Amino acid sequence: MADLSVNFAGIRSPNPFWLASGPPTNSAYQVMRAFEAGWGGAVWKTLGEPIINVSSRLAGFDWNGHRMAGINNLELITDRPLEDNLKEIREVKRAFPDRAIIASLMVDPIRERWHEIVKRVQDVGVDGFELNYGCPHGMAEMGMGAAVGQVPALVRENTEWVAEVSEVPVIVKLTPNVTDIRHTARAAVQGGAHAVSMINTINSLMGVDIDTWIPIPEVDGMGSHGGYCGPAVKPIALHMVSDCAQDRLINVPISGIGGISTWRDAIEFMLLGATTVQVCTAAMTYGFRIVEDMIDGLSSYLDSRGIGSVEELVGQSLPRIKAWGELNLNYKVVAKIDQEDCIHCNRCFVACEDTAHQSIHPQTVDDGTTLLVVDEEECVGCNLCSMVCPVNCISMVPLDTGKPPVTWRQLEAQGAVHNIKIL
Amino acid sequence: MNFAKQLLSVIGGVTTVKIATTADEILEPLKKTVYQELSDFDVLQEANRCLFCYDAPCIKACPTHIDVPSFIRKITTGNMTGSARVIFDANPMGASCARVCPTEELCEGACVLSEESHSIRIGDLQRYATDWVRERDISLFVAGPSTGKTVAIVGAGPAGLSTARDLARYGHKVTLFELREQLGGLNTYGIVPFRLPAEIPLWEAAQVTHLGVNANTGSKIGVDISLQALVDSYDAVVLAFGMGSVPRLNIPGEDLHGVWDAIDFVDKVKRGEDVGILGERVGVIGAGNTAIDAATCSRRLGVPHVTLYYRRGEQHMSAYKFEYEFAKQERVEYRWYSTPKRILGEGGRVTGVEFVKTRLDSDGMGGMRPIAMEGSEYIEPMDTVIRAIGQSKLSAMLQLDSIGVATRAGVVVVDDQFRTSNEKVFAAGDCTFTKGQAEAMVVEAAQQGKLAAASIHEYLSL
Chain A
13 MADLSVNFAG
23 IRSPNPFWLA
33 SGPPTNSAYQ
43 VMRAFEAGWG
53 GAVWKTLGEP
63 IINVSSRLAG
73 FDWNGHRMAG
83 INNLELITDR
93 PLEDNLKEIR
103 EVKRAFPDRA
113 IIASLMVDPI
123 RERWHEIVKR
133 VQDVGVDGFE
143 LNYGCPHGMA
153 EMGMGAAVGQ
163 VPALVRENTE
173 WVAEVSEVPV
183 IVKLTPNVTD
193 IRHTARAAVQ
203 GGAHAVSMIN
213 TINSLMGVDI
223 DTWIPIPEVD
233 GMGSHGGYCG
243 PAVKPIALHM
253 VSDCAQDRLI
263 NVPISGIGGI
273 STWRDAIEFM
283 LLGATTVQVC
293 TAAMTYGFRI
303 VEDMIDGLSS
313 YLDSRGIGSV
323 EELVGQSLPR
333 IKAWGELNLN
343 YKVVAKIDQE
353 DCIHCNRCFV
363 ACEDTAHQSI
373 HPQTVDDGTT
383 LLVVDEEECV
393 GCNLCSMVCP
403 VNCISMVPLD
413 TGKPPVTWRQ
423 LEAQGAVHNI
433 KIL
Chain B
164 MNFAKQLLSV
174 IGGVTTVKIA
184 TTADEILEPL
194 KKTVYQELSD
204 FDVLQEANRC
214 LFCYDAPCIK
224 ACPTHIDVPS
234 FIRKITTGNM
244 TGSARVIFDA
254 NPMGASCARV
264 CPTEELCEGA
274 CVLSEESHSI
284 RIGDLQRYAT
294 DWVRERDISL
304 FVAGPSTGKT
314 VAIVGAGPAG
324 LSTARDLARY
334 GHKVTLFELR
344 EQLGGLNTYG
354 IVPFRLPAEI
364 PLWEAAQVTH
374 LGVNANTGSK
384 IGVDISLQAL
394 VDSYDAVVLA
404 FGMGSVPRLN
414 IPGEDLHGVW
424 DAIDFVDKVK
434 RGEDVGILGE
444 RVGVIGAGNT
454 AIDAATCSRR
464 LGVPHVTLYY
474 RRGEQHMSAY
484 KFEYEFAKQE
494 RVEYRWYSTP
504 KRILGEGGRV
514 TGVEFVKTRL
524 DSDGMGGMRP
534 IAMEGSEYIE
544 PMDTVIRAIG
554 QSKLSAMLQL
564 DSIGVATRAG
574 VVVVDDQFRT
584 SNEKVFAAGD
594 CTFTKGQAEA
604 MVVEAAQQGK
614 LAAASIHEYL
624 SL
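One line per chain: the protein sequences are A and B, in this order.
Position one of the first sequence corresponds to residue 13 (the numbering used here), numbered consecutively onward.
Position one of the second sequence corresponds to residue 164 (the numbering used here), numbered consecutively onward.
These aren't lab readings, by the way, just hints derived from the structure by calculation.
Heads up, a few of these hints could be off.
Facing chain B, a subset of chain A residues (Cβ under 10 Å, in silico) [said to hold, decoys possible]:
(1) W336
(2) S398
(3) V400
(4) P402
(5) V403
(6) S407
This one's a predicted model, so the numbers in the text were calculated from it and none came from an experiment.
Note that CB positions come from ideal geometry on N, CA and C, so glycine has one too.
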């Protein structure tokens, strides 16, 4: 059995699966249920000056009959008194000393306010802090959350204030609502962060009811923009995690967040540089029990590959993430349609014909049936046909171009980019 | 004379059906599974349709309480070993049950989607997940640390194997005593090969012996070893023997050549043994699952006319609905409200059966019983008669009273902890089934084995 335990910037956890700060970690009752189900850690719902939440506050993004490809939320930080939360955190830590309990914090960007809350919360025995510089809605209007997280100088300054008094590791949770997350991540590290986590929710507006013209979710006939998360945001999160993991100025562990629903998702985040992963939407969709298969599946995966410790996965795919200009322009794949498995829906044909490179041609054979045949000369290897195929019968096969690898950068260096014919 | 030729000698040229010419061709239909092949695409679509209910009704509807949503979710995440482990953990006969369970009455019948659209095909998904590990011969469990305690189990059918599997996981040293040459009991010998090929229960049994369980096959209790010797030399004994042969009809002509016991018939067919001449017309007496098995076997052996005769009506038959439907698809015919009066013969061989029509009348105890209607006799020409009117109890043969185990009407009396009247002796499965208490299903036997093992473990841990 592979070792699933992780050491995240000094925070130890029996497995890399943490619940992200949010509705699932609002109370001791919930976090204890989660720990009983097997979660390795939990980031407590953001503590601060309690606010008043609106009703309603969540909306699901349904797509093609599938519910909750994403969630948009208008919920803010905790609406419960700090004393209550602290008492409950202490209880949970006592009941589950082996699990990681991280307190998410958000206060006004004032040094004294940060000092005060950090001291009060670390007294109850949390394993670390996560500074919430991310929520794009509500709190940002009050100068907190993303209002801090979008400005590197503020990220650095606020983090410094926390690091001055914190006796436990400090994680900075970053907002994706920026042009380049590396700038705010670097600022966090410069401010003394021991780790970063990403992504917080993406600014969004879930929709409008076309019968009533009222935005979704509705608050007394009105709506507002909110934070978007769930499976639909995973590719955005993966990009940001890998960007930070490759940046030499961000040399701290990363906790990956964004659409993680299964052990497979978790492995992807880890291969791209995350040491732990945080989950919220999947738990909100199915309950805490989903962690059982996450642990079981991850463990089997590691065992099947003879990997002793889950930490060995961290960052393994990073050397394969390159700038576009470093990709081999002489590599070519072409679509290959398995005629045995093809169900003749012609989706690949129309996708290629209308929107790609007109490389799939119907051919009527002797018995009168029509086969779809790929013209390997015309096919540019874009993948589209294999992506639309409902039965996964199209594979992309490398073609020997007989040419040595060459990148755009190399062509630029040779001064050849304006003479593309030499390719 | 080989099987093919014998069959040919009777039916060859006489009928219009296509006649097989080699033994292989004759046996081919017996191997042709009744289950459709499951494509990965289909399985993934179906698994993703599952709502992953919490506290799901399908779990409650399964006698072994398999965590159905969990095993299905694991299919969707590609954790196939984990999926199969969930199934087999709850049900050591999970692969067999995926094929023989009346799922529409159990898990699938409880599926919440049955109201809005149609139930998840739980049986198919279970078959897929269990096949996945079986085809790769993945061992899912390990024996527990040795407790030094020993347990003897009489009978290695679903109940015995299930008990053995869990006892081994608890760390007890288990020895199975099985009369037959192979393990698996009814699943191996008694269910038609096109529904449950023997390789499946045999693999399940191997998963059990793999845990260090000894299997004494071909072992006859009372001849090779006495029950008393088991009680004396083991820390606990489990009675998990099944049922015996089909009782006689007790009508004239029963000893004619061509009269079969359905259990014996299916057993021989499944093992590929020669069943001799069946002729053109086979009549099966009874309407339970074994009757269906005997009838469909006969059809697949090429018999053109196979008819089931039952003394009650269609709505009273004890066969599962899916078995009944299957038999109809196999073009088995039915005659309701008919009971055999005598078997007719010529030259020592069956030529027909005289039936009498029945009607149901109050039995004076709130039930209905069939009454023969005088003067309604009719004769059906027949070459083979297969009786399938239930199975006899084996308890008398084993002389259970010699070890102080009480029986009632041939059924071993157990309490809710599967304890018999001898504190060292436990019992599970068919030998404990009393009509009306529990359904004598494979899945029920597996569950009883599991519960009995837990009870024995508690007893041995005292």
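*asked:* Run through the hints listed earlier and report the numbers of any the structure violates, in increasing order.
replied: 1, 2, 3 and 6
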